[in-house]
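K.L.:
Each chain, written out:
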Amino acid sequence: MVIDSQKMQALARRMAGAEIRGRSPWADARRRFLRNRAAMTGLAILVGVTAFALAGGAFAQWSHDELDFGVMGQVATLGQPSIANGHYFGTDDLGRDLYARTVQGTQVSLMVGVVGAAIAVLVGTLYGATAGYVGGRTDQIMMRAVDILMSIPYMFVLILLLVMFGRSMSMLFLGIGLISWLDMSRIVRGQTLSLKNREFIEAARAIGVPAWRIVLRHIVPNLLGVVAVYATLLVPLMILTESFISFLGLGVQEPLTSWGALISEGAGTMNYGTLWQLAFPLFFFCITLFGFFFVGDGLRDALDPKDR
Amino acid sequence: MARPLLDVRDLRVSFAIRPDGALPWVAPRRLQAVGGVDFSLAPGETLGIVGESGCGKSTLARALVGLVPATGRAEWIDGRDLIGLGPRQMMRYRREIQMVFQDPLASLNPRMTVGRIIAEPLRTHRPDLPAAEIRARVGAMMEKVGLLPNQINRYPHEFSGGQCQRIGIARALIVEPRLIICDEPVSALDVSIQAQVINLLIGLQRELGLSLVFIAHDLSVVRHVSDRVMVLYLGKVMEIAPAADLYAAPRHPYTQALLSAVPVPDPGHDAAAGMVPLAGDLPSPMAPPSGCVFRTRCPRAEARCAEAVPVPSPAAADHRAACHFPGPLSAAEIARARAAEAR
Ligand SMILES: Nc1ncnc2c1ncn2[C@@H]1O[C@H](COP(=O)(O)OP(=O)(O)O)[C@@H](O)[C@H]1O
Ligand SMILES: [Mg+2]
Numbered sequence: 000m001v002i003d004s005q006k007m008q009a010l011a012r013r014m015a016g017a018e019i020r021g022r023s024p025w026a027d028a029r030r031r032f033l034r035n036r037a038a039m040t041g042l043a044i045l046v047g048v049t050a051f052a053l054a055g056g057a058f059a060q061w062s063h064d065e066l067d068f069g070v071m072g073q074v075a076t077l078g079q080p081s082i083a084n085g086h087y088f089g090t091d092d093l094g095r096d097l098y099a100r101t102v103q104g105t106q107v108s109l110m111v112g113v114v115g116a117a118i119a120v121l122v123g124t125l126y127g128a129t130a131g132y133v134g135g136r137t138d139q140i141m142m143r144a145v146d147i148l149m150s151i152p153y154m155f156v157l158i159l160l161l162v163m164f165g166r167s168m169s170m171l172f173l174g175i176g177l178i179s180w181l182d183m184s185r186i187v188r189g190q191t192l193s194l195k196n197r198e199f200i201e202a203a204r205a206i207g208v209p210a211w212r213i214v215l216r217h218i219v220p221n222l223l224g225v226v227a228v229y230a231t232l233l234v235p236l237m238i239l240t241e242s243f244i245s246f247l248g249l250g251v252q253e254p255l256t257s258w259g260a261l262i263s264e265g266a267g268t269m270n271y272g273t274l275w276q277l278a279f280p281l282f283f284f285c286i287t288l289f290g291f292f293f294v295g296d297g298l299r300d301a302l303d304p305k306d307r
Numbered sequence: 000m001a002r003p004l005l006d007v008r009d010l011r012v013s014f015a016i017r018p019d020g021a022l023p024w025v026a027p028r029r030l031q032a033v034g035g036v037d038f039s040l041a042p043g044e045t046l047g048i049v050g051e052s053g054c055g056k057s058t059l060a061r062a063l064v065g066l067v068p069a070t071g072r073a074e075w076i077d078g079r080d081l082i083g084l085g086p087r088q089m090m091r092y093r094r095e096i097q098m099v100f101q102d103p104l105a106s107l108n109p110r111m112t113v114g115r116i117i118a119e120p121l122r123t124h125r126p127d128l129p130a131a132e133i134r135a136r137v138g139a140m141m142e143k144v145g146l147l148p149n150q151i152n153r154y155p156h157e158f159s160g161g162q163c164q165r166i167g168i169a170r171a172l173i174v175e176p177r178l179i180i181c182d183e184p185v186s187a188l189d190v191s192i193q194a195q196v197i198n199l200l201i202g203l204q205r206e207l208g209l210s211l212v213f214i215a216h217d218l219s220v221v222r223h224v225s226d227r228v229m230v231l232y233l234g235k236v237m238e239i240a241p242a243a244d245l246y247a248a249p250r251h252p253y254t255q256a257l258l259s260a261v262p263v264p265d266p267g268h269d270a271a272a273g274m275v276p277l278a279g280d281l282p283s284p285m286a287p288p289s290g291c292v293f294r295t296r297c298p299r300a301e302a303r304c305a306e307a308v309p310v311p312s313p314a315a316a317d318h319r320a321a322c323h324f325p326g327p328l329s330a331a332e333i334a335r336a337r338a339a340e341a342r
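Order-wise, the sequence lines are chains A and B.
Residues in the first sequence are numbered from 0 upward in steps of one, following numbering that gives the first Met the number 0.
Residues in the second sequence are numbered from 0 upward in steps of one, following numbering that gives the first Met the number 0.
Hints are computed from structural coordinates only; laboratory data are not their basis.
Hints should not be assumed to be uniformly reliable.
What the hints assert, rightly or not - Each computed SDA-like pair below joins lysine to any residue, with the alpha-carbon atoms no more than 25 angstroms apart:
{"no.": "1", "chain 1": "A", "residue 1": "Lys195", "chain 2": "B", "residue 2": "Gln31"}
{"no.": "2", "chain 1": "B", "residue 1": "Lys143", "chain 2": "A", "residue 2": "Ile19"}
{"no.": "3", "chain 1": "B", "residue 1": "Lys143", "chain 2": "B", "residue 2": "Ser159"}
{"no.": "4", "chain 1": "A", "residue 1": "Lys195", "chain 2": "B", "residue 2": "Asp19"}
{"no.": "5", "chain 1": "A", "residue 1": "Lys195", "chain 2": "B", "residue 2": "Gly20"}
{"no.": "6", "chain 1": "A", "residue 1": "Lys195", "chain 2": "B", "residue 2": "Arg17"}
{"no.": "7", "chain 1": "A", "residue 1": "Lys195", "chain 2": "A", "residue 2": "Arg212"}
{"no.": "8", "chain 1": "B", "residue 1": "Lys143", "chain 2": "B", "residue 2": "Leu188"}
{"no.": "9", "chain 1": "A", "residue 1": "Lys195", "chain 2": "B", "residue 2": "Ser52"}
{"no.": "10", "chain 1": "A", "residue 1": "Lys195", "chain 2": "B", "residue 2": "Pro68"}
{"no.": "11", "chain 1": "B", "residue 1": "Lys143", "chain 2": "B", "residue 2": "Gly160"}
{"no.": "12", "chain 1": "A", "residue 1": "Lys195", "chain 2": "B", "residue 2": "Phe158"}
Could you put together the complete structure from these sequences and hints?
P.N.:
What follows is the structure, encoded as C-alpha cells:
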C-alpha cells in the first residue's frame, strides 16, 4: 500500500509536472503545536526523560540490583549522592545504586503508561466508534457493558487480581489495560454520535461505502484529534495508577522497580535523613506528569483551533 | 410514452419524535416529513422541486437514495421498487443514483484529499479497477468539472465554496450515474457563483444525458434548469407542471404566492403590485392542518378546505394542482392576503 502510493505519486509527478501538495489539517495542527512554547517545553521534558530511560543505564557505574557493601549500614552518611563513588543519586536503604534504580523505574513506569494508553486508544477507539456509528440496540448493549465495567471499583479488583494471581508485570498490564479503555470508548462514542450526522458521512452512505469502511476512513480520522489529546492525558493517569499500586506494595516485584515503588521506599526512610531517596524519583515523576499535561494541552489547542 | 427512469408513487417518510426526557414506554410522536408524493421522471429530464425550508425536500431526496426509511413505491426503469431494498440489492442502484449536497464543504471529509474524495465511489463500486486507472479517471473528471487536475492532493478547506461544490459534482459523476439528485446545490454559494455551478450542471446533464432532480427553496433558481417543476408544502405536492406552464399559469394559490416573490428582470414591471405575501409561519409538521395543509395561510380558504384533502386535479394531462379551487388569484384575494400579512 505504502509502496504503491509512493510509486504512483512519483509517476504522477513525472506526468503532470508540478502537482500541488495539499496542506493537510494535520500539517496545520503541527505548525500550531510547534509554535506553542509550553507544549514544546513539555515535549522537550518528555524527550529528555525518555532518553534518560533508554540511555541512562549506559552511564551507571553500578547495576540496579548490586549491593554496595561499602555503604551498607551507613547509608545516611556514606550513601549520599556523589560523583566520586559512582552513586550519582546516592544509594537506597540497602546500599543499591539509586541512579541505576531510577533509570529502571523510569523504564517500567513509562512502559506501563504507554502500554495502558495504547490499549485504551486501540480498543477504546474502535469500540466507541462502532457503538456510536451502528447505534440503536447495539449501541445500548455495548455502552451498558461499559457502564457495568465502570461501576466495579477497579482498584479493588486490581488489588484482588494481584493478590490472587501473584504480582507480575503481565498481571499489572492486564489489569491496567482492562480499565483504561472504558473512558476512551465513552468519549469516542460521544464524538462519533456528533460526527455521524455530518453531511460527509451521509455522502459516504449514499455512495454505498460499507459501514466498516465509514468507521475506519471517515469517522476514526476525524476523531484522532480528541483521541490524541485524551491519550496524552491518559499516560500520566496510568503512571499514577501504577504508582499508587506500587506505593501500596502490590506493584512490580523486586528487583524490578518503578517510580511508585521508589517513592514509597524513599518516603519510608525520610526520617533517617536520606531525603535524596525520595527526591530523585519524585523529581522524575513530577516533571514527566507536567510534560504530559503540557503536551496534552498543546495538542488540544493545536488540533481544535476553534476553542481558542 | 417511454418508460420513466424513476416512477414515485405515494412516497411517505415519517420520523419518530421523542421529546426530551420522555419515559421510554411512552409512544413517540410521528412527524410526517413527506406525506405521499407522486411524480415520475423521464430519462434525461430535469425535475425541479421547490418549497420553503422545512417542507421536506431534503427528506424526499434522502429517501430516494435510501438514507432514510420510507414507504410507498419508487420504481426504477428496470421495474425494481427501490423502497425497502436491502443494502445488498440497493448497491447496484446506488451507482445509478448519486447525490449532490447542500453544504459543499460539510459534504467533503476534511481529512481526505480531493483525489481520494472523488475516487471513493469508484473504489466502492469498481474495486476491480487498478489504482492508476482510478487516478486517471479522477484527473479527467476534475478537468470536466473545471478543477485543475494538479490539485488532486489538496484538502477541501483549501478550496472556495464553488470549487467544493464542483468536487461534490465530480464525486457524483465519477461512477457514471443516470440520475443525480441535487439538494439545494447552490443555496450556500454566492450569487455570482451560483450561475457558474448551475451552468456546469446543465452542461454536464446535456453532455451525459443525465436525469436531474434539482431542489431549491425558491422558484427563480429552478427556472433555468427544469423541464418540470414540483411545488412542495409540508411534505405534500401542491402543484406539478411543465416549467413553462407553471411559471406562465400557476393554478395553486401557494405557487402564485411563491412566484410573486420571484424578482422579474423587467424594468417596467411593478413588482409590488402583484406581490402576494404569505401570512404567518409554516405550521408544525407534527400537527399539520386538517384537510388542505395550506389552508391556514391561503387567501382563498373556505370551509371545505378544512374538511377534505384536495386531490390533485389535472388541468392538463401533465399539470396537476392539489387545490379545491384552482385558478389565478383575484384582486380581492390578493388584497385579503395583504391584509392578513399586515395584521
Ligand atoms: N432525522 C430527522 N429526525 C426528525 N425530524 C427530521 C429529521 N430530518 C428532518 N426532519 C424534519 O422533517 C421536516 C422536513 O425537513 P427537511 O426535509 O430537511 O426540509 P427541507 O430540506 O425542505 O428544508 C422538518 O420539519 C425537519 O424538522
Ligand atoms: Mg434541506
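K.L.:
Taken at face value, is the distance from the CA of arginine 212 of chain A to the CA of lysine 195 of chain A at most 25 angstroms?
P.N.:
Between lysine 195 of chain A and arginine 212 of chain A the Cα gap is close to 13 angstroms, so the pair holds against 25 angstroms.
K.L.:
Measure nothing beyond the straight line between the CA atoms of lysine 143 of chain B and isoleucine 19 of chain A; if it is 25 angstroms or shorter, mark the hint as holding.
P.N.:
holds (19 angstroms)
K.L.:
Under the criterion that the straight-line Cα-Cα distance not exceed 25 angstroms, is the pair lysine 143 of chain B, glycine 160 of chain B satisfied?
P.N.:
holds (18 angstroms)
K.L.:
Holds or violated: lysine 143 of chain B and serine 159 of chain B, Cα atoms, limit 25 angstroms.
P.N.:
holds (18 angstroms)
K.L.:
Are the Cα positions of lysine 195 of chain A and aspartate 19 of chain B separated by 25 angstroms at most?
P.N.:
holds (20 angstroms)
K.L.:
Given the hinted pair lysine 195 of chain A and phenylalanine 158 of chain B, is their alpha-carbon gap at most 25 angstroms?
P.N.:
Roughly 23 angstroms between the alpha carbons, so the hint for lysine 195 of chain A and phenylalanine 158 of chain B holds.
K.L.:
Holds or violated: are the alpha carbons of lysine 195 of chain A and serine 52 of chain B at most 25 angstroms from each other?
P.N.:
Holds - the C-alpha atoms of serine 52 of chain B and lysine 195 of chain A are around 23 angstroms apart, at most 25 angstroms.
K.L.:
So if I understand the rule, the pair passes when the alpha-carbon distance is 25 angstroms or less; does lysine 143 of chain B with leucine 188 of chain B pass?
P.N.:
Given pair lysine 143 of chain B, leucine 188 of chain B holds - Cα atoms ~20 angstroms apart, limit 25 angstroms.
K.L.:
Could you grab the alpha-carbon distance between lysine 195 of chain A and glutamine 31 of chain B and see if it respects the 25 angstroms cut-off?
P.N.:
holds (23 angstroms)
K.L.:
Holds or violated: are the alpha carbons of lysine 195 of chain A and arginine 17 of chain B at most 25 angstroms from each other?
P.N.:
holds (19 angstroms)
K.L.:
Lysine 195 of chain A and glycine 20 of chain B: Cα distance at most 25 angstroms?
P.N.:
Holds, because 22 angstroms separates the two Cα atoms, which is no more than 25 angstroms.
K.L.:
Holds or violated: lysine 195 of chain A and proline 68 of chain B, Cα atoms, limit 25 angstroms.
P.N.:
Satisfied, since the Cα-Cα distance of roughly 17 angstroms is no more than 25 angstroms.
In terms of the numbered hints stated before, the structure departs from none.
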